[in-house]
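There are 2 protein chains.
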Amino acid sequence: MKKIVFNFKSKATKKFVKPKYILGGKGANLAEMGKLGFSVPPGFTISTVACELFYKNKKKLNSTLTNQIKAELKIIEKDTGKKFGDVKNPLLVSVRSGARVSMPGMMDTILNLGLNDQTVIALANKTKNTRFAKDSYRRFIQMYSNVVLGVEAYNFEDLIENYKLTKGVLLDTDLDENDWDGLINDFKELVKNKTKKEFPQNVIEQLIGAISAVFISWDSHRAKIYRKINQIPSNWGTAVNIQSMVFGNMGNDSATGVVFTRNPSNGINEIYGEYLINAQGEDVVAGTRTPQHITKKASKNSNEKSMEELFPKVFNELKKNLKTLEKYYKDMQDVEFTIENKKLWMLQTRSGKRTAKSAVKIAVDMYKEKLISKKEAVLRVDPSSLDTLLHPTLDEHTKFKVIASGLPASPGAASGKVVFTSEEAIRLNDMMQNCILVRIETSPEDIHGMHSAKGILTARGGMTSHAAVVARGMGRPCVSGSSEIKIDYKNKIFKSKDFEIKEGDIITIDGSTGRVILGEVKTVKPEISGDFSKIMKWSDGFKKLKIRTNAETPLDSKTAREFGAEGIGLCRTEHMFFDEERILYVRQMILSKSKNDRYMALSKLLPHQKNDFIEIFKIMNGLPVTVRLLDPPLHEFLPKNKKEIEDVSKSLSLPVNELESRINELHEHNPMLGHRGCRLGISFPEIYEMQCRAIFEALIECKKKKYKSIIPEIMIPLVSTEAEIKIMKELVIRVAKEVQKENKIKIEFLVGTMIELPRAAIKAKDIAKHAEFFSFGTNDLTQTTFGISRDDSGKFLNDYIENKIFDIDPFVSIDDGVGDLIEIAVSKGKKQNKKIKLGICGEHGGDPKSIDFCSKTGLNYVSCSPYRVPIARLAAAQAELKKD
Amino acid sequence: MKKIVFNFKSKATKKFVKPKYILGGKGANLAEMGKLGFSVPPGFTISTVACELFYKNKKKLNSTLTNQIKAELKIIEKDTGKKFGDVKNPLLVSVRSGARVSMPGMMDTILNLGLNDQTVIALANKTKNTRFAKDSYRRFIQMYSNVVLGVEAYNFEDLIENYKLTKGVLLDTDLDENDWDGLINDFKELVKNKTKKEFPQNVIEQLIGAISAVFISWDSHRAKIYRKINQIPSNWGTAVNIQSMVFGNMGNDSATGVVFTRNPSNGINEIYGEYLINAQGEDVVAGTRTPQHITKKASKNSNEKSMEELFPKVFNELKKNLKTLEKYYKDMQDVEFTIENKKLWMLQTRSGKRTAKSAVKIAVDMYKEKLISKKEAVLRVDPSSLDTLLHPTLDEHTKFKVIASGLPASPGAASGKVVFTSEEAIRLNDMMQNCILVRIETSPEDIHGMHSAKGILTARGGMTSHAAVVARGMGRPCVSGSSEIKIDYKNKIFKSKDFEIKEGDIITIDGSTGRVILGEVKTVKPEISGDFSKIMKWSDGFKKLKIRTNAETPLDSKTAREFGAEGIGLCRTEHMFFDEERILYVRQMILSKSKNDRYMALSKLLPHQKNDFIEIFKIMNGLPVTVRLLDPPLHEFLPKNKKEIEDVSKSLSLPVNELESRINELHEHNPMLGHRGCRLGISFPEIYEMQCRAIFEALIECKKKKYKSIIPEIMIPLVSTEAEIKIMKELVIRVAKEVQKENKIKIEFLVGTMIELPRAAIKAKDIAKHAEFFSFGTNDLTQTTFGISRDDSGKFLNDYIENKIFDIDPFVSIDDGVGDLIEIAVSKGKKQNKKIKLGICGEHGGDPKSIDFCSKTGLNYVSCSPYRVPIARLAAAQAELKKD
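First to last, the protein sequences are chains B and W.
According to our numbering, the first sequence is numbered sequentially starting from 1.
According to our numbering, the second sequence is numbered sequentially starting from 1.
These aren't lab readings, by the way, just hints derived from the structure by calculation.
Any given hint could be a false lead.
Where chains are identical, the list cannot tell them apart; a pair therefore holds if satisfied intra-copy or between any two copies.
Stated by the list, open to error - DSS-like cross-link-like pairs, simulated, lysine-lysine; straight-line CA separation at most 30 Å: (1) Lys537 with Lys368; (2) Lys642 with Lys795; (3) Lys70 with Lys737; (4) Lys643 with Lys490; (5) Lys544 with Lys534; (6) Lys56 with Lys595; (7) Lys741 with Lys595; (8) Lys486 with Lys593; (9) Lys486 with Lys368; (10) Lys490 with Lys642; (11) Lys830 with Lys729; (12) Lys59 with Lys164; (13) Lys828 with Lys849; (14) Lys726 with Lys228; (15) Lys849 with Lys765; (16) Lys729 with Lys60; (17) Lys737 with Lys58; (18) Lys525 with Lys558; (19) Lys708 with Lys741; (20) Lys58 with Lys765; (21) Lys828 with Lys804; (22) Lys59 with Lys726; (23) Lys194 with Lys595; (24) Lys58 with Lys497; (25) Lys492 with Lys643.
Quick caveat, the model's predicted, so the values are computed rather than measured.
Using the sequences and the hints given, assemble the complete structure.
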């Protein structure tokens with residue numbers, strides 16, 4: 001059996017190319033701190049390999065593993081002079097999880113393991129502090145019973161509360177050693193009742209239980225959700241660290257604390273942290289006592305003295321260690337330490353979590369300090385995290401009426417009509433109307449509705465509720481758990497304070513502060529300046545991918561340019577059809593009985609569409625613009641409910657029954673796979689002709705106005721065969737020639753296609769004969785490759801994540817299988833046409849992991865929503881740098 | 001410029017590896033008849049290559065082509081001693097199309113080309129028959145003006161009819177040369193009026209016009225439809241044959257005829273044909289005069305004398321020629337000849353069209369006659385044609401009430417409920433109810449409805465109407481153009497004679513005779529015996545592919561076995577759910593609020609499903625049976641209209657609104673891409689557990705009853721990831737172990753998956769780790785690869801065929817791109833698991849072209865509907881033989 005347990009001092013650590021993969025982050029860092037000469041309590045790491053074996057072995061530790069653990073215990077015993085389970089000088093240990101990346105939701109720590117009815121007495125004798133020993137024991141029973149034995153925490157809290165009530169005291173600190181003794185008995189009784197077994201007195205049994213609990217916590221619901229959000233594969237597994245205990249609660253010359261080498265919220269280069277005298281680590285986390293500051297400077301407004309003042313010698317040693325650590329790791333560190341009888345013990349170090357803002361500042365500062373190179377600085381900022389810096393915020397200069405508040409569950413501000421069902425959200429979104437989805441709470445069935453809404457407001461649920469987690473993942477603003485609002489689904493209203501909000505009323509939510517506001521509020525666009533702008537500039541220096549944007553309005557186009565977009569990768573012309581004035585003509589066109597009638601209606605649409613293009617071309621000022629011809633099935637433009645049908649019937653003077661029968665005719669069982677994309681262009685070439693004419697006439701208008709000239713890229717959607725692109729290209733060229741002849745001005749343009757169907761990818765070589773560019777439409781490509789409708793996937797997506805079938809939602813990051821198809825298309829397309837332009841315009845275009853894939857696959861550009869352009873710029877730079 | 005026009009005597013013919021590809025069937029055969037020493041009127045062939053050039057050259061003949069034609073004319077002039085356009089001894093020619101395969105719908109023949117106001121006089125002088133010459137000229141004007149100049153035929157007919165009325169005669173033969181002279185002037189006037197041009201007097205202009213017309217007719221609507229039905233690629237093009245005229249209408253020692261070397265309707269080895277004295281070819285075809293028999297034997301009941309009697313010498317020469325031709329071509333020939341002044345001219349020979357019945361007999365006979373080998377005999381029968389021999393027919397021993405009759409548009413008999421809309425047909429089919437779609441006429445929007453119906457009845461339309469053509473293509477019985485029936489869509493009834501038939505009433509149609517019958521009529525299954533059975537036996541000797549069937553009822557299973565099925569390739573378990581008794585439990589199961597309720601409902605379904613399997617296993621008697629676990633989305637089982645909802649609400653004592661809200665919850669935007677297939681197995685493992693238990697318990701029951709033991713192949717549908725098949729396989733094995741333990745009997749089975757999603761094909765290597773077989777579900781694979789919903793494709797399929805985007809409907813024959821994915825899956829699957837079983841179970845499994853593909857790709861079996869099993873057996877044999 002190979003070695004799967006490693007002492008912190010083990011030489012094996014050095015051999016690992018990626019020690020974190022084997023030892024986890026915590027374990028690897030403990031081993032490295034030892035090497036740096038710090039005082040680290042002796043211990044060992046049970047590797048992530050063991051985790052895998054644990055799951056293979058029906059969630060049990062096999063004998064090889066337990067043997068290796070026992071052998072390592074012997075070494076600690078030797079190092080500390082203590083013995084595990086010894087009634088005179090007992091060794092106590094902490095048990096901590098430690099995955100490759102730090103991961104909340106998993107079991108964190110069990111302290112003081114090794115205590116039982118005998119060893120607690122030894123501890124009391126040894127420390128000459130019976131209350132401390134008893135207190136430690138009861139804490140251990142509490143923690144262990146909860147985490148390992150599954151006895152819910154409130155049971156113990158109740159016992160303590162009742163006891164205090166009986167005794168007539170308020171605080172835990174009012175309880176003495178005898179009180180704890182009684183409670184320890186009560187605790188053990190409770191455990192026996194709940195688990196039908198005695199609380200384990202055998203310390204090895206305790207240890208095996210704790211290790212198993214760490215492994216099992218890897219698969220807990222919260223851990224899974226965290227992995228989902230953060231796209232961590234579920235097969236990594238966790239390591240477990242066993243370390244001899246040191247005590248920060250041995251009296252007033254002991255303490256415990258957490259310290260960052262820089263300020264994690266704003267990035268300023270200063271020691272930042274907290275500590276508690278006479279306490280154990282969990283006290284700092286639990287928040288029952290208010291911790292004191294580490295530095296004198298930080299505590300200048302505090303009554304309590306800082307560690308710098310009270311433990312000057314230890315402070316200096318710590319300060320020196322922190323410096324060493326930052327130099328060693330070349331990154332901001334998050335360090336846990338304990339002072340036991342004035343001796344500093346380093347318990348843990350890891351790269352500190354930080355806000356996007358501080359990440360940017362730290363990266364730029366460290367470059368200035370020559371700690372890291374420019375490359376490293378660019379690699380240091382997580383592109384996804386920039387999202388928090390890139391949401392519009394409320395314009396606080398305007399006046400607004402806050403009608404409720406809740407948790408700031410997902411940042412950003414959004415306004416829209418109130419809707420109470422996902423269906424309604426989808427409907428409004430289809431009609432290009434903004435809405436806010438208001439639900440008591442959300443469930444997986446709401447995913448598509450949440451996607452369709454501009455923001456989500458829930459009455460129930462915390463920061464990790466379904467609504468909050470999903471909204472953050474989607475980048476939708478969300479206010480969750482706003483208990484002030486009372487929702488009445490039946491009457492489609494919600495009440496808050498004295499306000500009654502009906503479906504269709506407009507509200508604004510601010511997901512950064514948790515405010516709910518009546519009406520629409522002006523928002524302020526985020527800006528890219530200072531350090532952020534530096535990182536962006538450096539990124540642009542490294543990246544090779546061009547970053548374009550998906551935009552069809554002048555506003556979006558402008559925003560995207562300000563964020564650094566280098567062109568438009570997807571201008572969806574159908575979005576231009578939904579304007580109130582135009583939709584009438586669109587409907588007229590669809591309901592036409594003859595080609596002539598259709599021409600009439602189209603001729604009314606032409607000037608509108610032309611003007612749209614003129615504006616966009618002007619803004620894009622010479623940058624490329626990819627225009628996609630009409631894509632959705634025509635029935636999407638028709639009225640859906642009775643009232644709308646009546647309205648349309650009136651405005652088009654078409655009898656209701658005739659209108660209804662036409663709507664019925666156009667109905668599709670599977671609209672996603674229906675009469676859409678270039679299939680419309682084949683059936684109704686006059687529609688595409690009008691759109692091409694609008695583009696070309698706009699181009700000529702721009703030339704006349706001396707705007708910087710643009711070469712539009714006309715994109716044919718949903719092509720699956722060579723014949724389709726061939727016929728459509730002929731159409732485009734024909735119209736171009738007509739317009740050219742009419743105006744006597746030469747027109748330049750490209751014709752290409754979206755690759756969004758598996759057949760198009762497979763037959764890319766044939767299609768590339770006629771296409772000057774491919775743009776991968778990964779939304780639809782994912783839908784067809786998997787045979788999964790995104791609109792309907794809510795019904796089983798959760799089951800799929802639970803069952804680990806999807807590690808990552810394939811609609812968020814490009815799936816492996818879909819990726820294979822893209823690679824096939826790229827290689828075949830290039831074989832046919834070396835100069836073919838390649839891009840991606842699905843939502844994956846703004847996802848860093850997918851951008852990395854696009855870079856590796858040799859695409860020329862990615863296109864994403866305007867607010868994701870900076871993320872894409874950084875991700876593209878990182879993709880390039882990671883290639884080296 | 002290379003040679004694209006070839007004289008019949010040209011030596012180039014011999015050089016062509018496949019002369020038909022270049023010269024067309026007709027041209028190649030004329031050249032070969034010359035070589036056999038027959039009298040063939042001199043002429044030449046304009047090759048199919050010229051057709052391609054014609055279309056490339058904007059539908060014009062280029063100068064090279066016209067030059068080559070003129071050069072060839074010179075040669076004919078030399079051979080015949082006549083001159084084209086000469087006013088003394090003019091050369092007249094026929095112009096005929098001739099594609100690689102004979103193809104109705106294209107321009108057939110223009111005779112007497114070269115006649116004009118001058119040459120007609122020369123012809124009169126030369127033949128000493130002015131009436132014949134004038135008659136020929138007016139016929140030529142009529143034919144040419146119609147076919148080449150586009151003047152509709154009725155215009156000329158009207159002129160003739162009016163003339164006869166004025167003259168007071170009845171028959172054309174009552175008109176003399178002067179009458180024709182007058183009419184010729186009227187005809188020319190008419191042409192001038194209609195075309196704004198004089199009727200061409202220049203004979204070269206005439207010739208160029210006729211050649212162009214042949215090329216253009218290749219692209220006519222009818223030709224396209226024919227190609228679609230017969231799966232002929234549109235890029236083959238046609239050749240044109242120019243041949244000097246001989247005249248069968250030179251008097252009573254002249255004649256013209258058509259003869260087959262064997263009887264084309266029953267295959268008997270006897271000369272079979274018709275001829276007309278003093279007539280041109282078109283008279284035989286037009287049917288204005290009743291032709292006489294060729295042989296004495298055939299004319300024994302006729303008043304007219306046979307050719308054998310009237311032209312004994314010529315008859316003997318013809319008979320000898322026919323023998324020679326059959327020996328040369330080793331196939332039954334269809335020959336055109338003309339007798340000009342007692343001289344026999346062979347005009348054309350080709351392989352004769354024949355009924356399936358005669359094809360089978362001729363193949364077997366020719367083998368017996370040692371004309372062809374067994375291999376050739378098997379290759380001689382078109383598998384698709386067998387379809388006509390494989391439909392159930394009405395049991396004529398039972399009494400039934402014929403209420404209407406129409407055209408026998410597509411063979412076979414079918415009974416079912418009358419429906420008037422495609423939607424209703426789809427709905428009933430979803431509920432496993434048989435229906436007959438009754439429409440005034442059908443349109444492309446009805447395609448899915450026609451597919452869902454068991455038969456089609458139309459009030460309008462002929463043998464080539466949309467309904468007839470599509471029904472034949474689909475193998476659905478059809479009676480078209482039954483003008484007796486009056487359909488009232490609004491009230492959902494049709495009337496015929498004194499009968500009034502309401503929607504939901506049961507009728508039977510007999511597509512082989514055109515009868516419409518009240519109520520359900522017993523049918524007789526077709527049998528395989530005699531020569532048919534011989535061909536089947538020989539096929540089995542050659543084929544390597546196994547032929548399985550898609551069947552889920554004992555009846556289908558039995559039928560398929562009688563037709564030679566070697567197992568079941570697809571048993572769709574959901575079809576077992578629709579029985580009236582069971583659907584209640586199915587709905588109970590779906591509407592369950594808890595897992596327990598669902599278990600309860602499932603436990604009621606278990607015995608039914610188990611019994612189904614016992615019966616099928618018994619019938620299959622040791623052959624493999626592939627059982628697919630539940631596939632369709634659950635909402636398919638729920639009631640759809642108001643009345644049904646009320647009924648279900650009552651029978652399940654579930655409030656209507658609760659039922660409706662559950663139905664709403666289950667609604668899907670794109671059910672084809674929804675919560676179905678193994679996604680159901682992941683979400684509701686208890687359903688699949690029940691189904692597996694039913695299979696295994698049935699297996700044990702069969703063992704106890706000592707039935708021949710079966711190894712079922714359990715098929716997981718709609719897998720797209722490795723994890724899905726892995727989890728599902730674990731479930732199957734778990735249930736198997738349970739049942740095994742309970743019964744203490746060992747169970748053997750295989751677990752595999754359908755490959756019906758592009759991702760499954762791409763990731764076949766991973767999936768094959770867990771799958772013991774792959775079955776290609778080409779219906780869904782085609783839908784997802786193309787992103788086309790078959791249910792909705794009717795809206796644009798026609799546009800796609802018109803635009804030549806689809807040469808062949810990809811839902812009929814496996815598309816090239818889909819084929820690529822299958823090849824990828826086969827190669828990756830085999831790489832992972834050499835022994836993996838490979839099959840296909842989509843509807844393509846019964847399509848000969850697709851079977852050929854499956855054979856080449858190395859699949860082990862194909863599975864098709866019971867009635868197509870013999871077709872598949874033959875196609876599989878041919879696929880193998882073609883490999884040599």
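Okay, the hints, checked on the actual structure:
no. : hint               : in the structure
1   : Lys537 with Lys368 : within (15 Å within a copy, 86 Å between copies)
2   : Lys642 with Lys795 : both (28 Å within a copy, 25 Å between copies)
3   : Lys70 with Lys737  : neither (84 Å within a copy, 38 Å between copies)
4   : Lys643 with Lys490 : both (19 Å within a copy, 25 Å between copies)
5   : Lys544 with Lys534 : within (18 Å within a copy, 69 Å between copies)
6   : Lys56 with Lys595  : between (67 Å within a copy, 28 Å between copies)
7   : Lys741 with Lys595 : within (24 Å within a copy, 71 Å between copies)
8   : Lys486 with Lys593 : between (49 Å within a copy, 27 Å between copies)
9   : Lys486 with Lys368 : neither (53 Å within a copy, 90 Å between copies)
10  : Lys490 with Lys642 : both (19 Å within a copy, 22 Å between copies)
11  : Lys830 with Lys729 : within (19 Å within a copy, 40 Å between copies)
12  : Lys59 with Lys164  : neither (40 Å within a copy, 102 Å between copies)
13  : Lys828 with Lys849 : both (24 Å within a copy, 27 Å between copies)
14  : Lys726 with Lys228 : between (42 Å within a copy, 21 Å between copies)
15  : Lys849 with Lys765 : both (27 Å within a copy, 24 Å between copies)
16  : Lys729 with Lys60  : between (64 Å within a copy, 24 Å between copies)
17  : Lys737 with Lys58  : between (71 Å within a copy, 18 Å between copies)
18  : Lys525 with Lys558 : within (11 Å within a copy, 72 Å between copies)
19  : Lys708 with Lys741 : within (22 Å within a copy, 80 Å between copies)
20  : Lys58 with Lys765  : between (49 Å within a copy, 27 Å between copies)
21  : Lys828 with Lys804 : between (33 Å within a copy, 24 Å between copies)
22  : Lys59 with Lys726  : between (59 Å within a copy, 19 Å between copies)
23  : Lys194 with Lys595 : between (78 Å within a copy, 27 Å between copies)
24  : Lys58 with Lys497  : neither (54 Å within a copy, 76 Å between copies)
25  : Lys492 with Lys643 : both (17 Å within a copy, 29 Å between copies)
Of the numbered hints listed earlier, those contradicted by the structure are 3, 9, 12 and 24.
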